[in-house]
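Student: Residues in the sequence shown are numbered consecutively from 1, following the UniProt record's numbering.
Possibly wrong hints are sitting among the right ones.
To be verified - With a cut-off of at most 20 Å between alpha-carbon atoms, the simulated PhoX-like pairs for lysine-lysine come out as follows:
1) Lys-5 <-> Lys-47
2) Lys-5 <-> Lys-38
3) Lys-5 <-> Lys-34
Everything labelled a hint here was simulated from the structure, so no lab data went into it.
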Amino acid sequence: MYIEKVLNNNAFISLDENGDEIIVMGKGIAFGKKGNQKVDLTSLHQKWCLTWFN
1 MYIEKVLNNN AFISLDENGD EIIVMGKGIA FGKKGNQKVD LTSLHQKWCL
51 TWFN
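Please model the entire structure based on the sequences and the hints provided.
Tutor: Pasting the structure below:
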């Protein structure tokens, strides 16, 4: 999984396999990372998918 945008040390925005934005959370998962870097998901705690209803 690749980082689109770092939110803080514990969360970042990425894209899932469908191209939808997701928020990935885990203790220190984005520490020292920048955009377009690959991330190891062993410390993944939560994955949130953003859905819009019209």
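Student: All hints are to be evaluated individually against the structure, with a verdict given for each.
Tutor: Do the hints match the structure? See the list:
no.	hint	verdict
1	Lys-5 <-> Lys-47	holds (15 Å)
2	Lys-5 <-> Lys-38	holds (12 Å)
3	Lys-5 <-> Lys-34	holds (7 Å)
No hint from the list above goes unmet by this structure.
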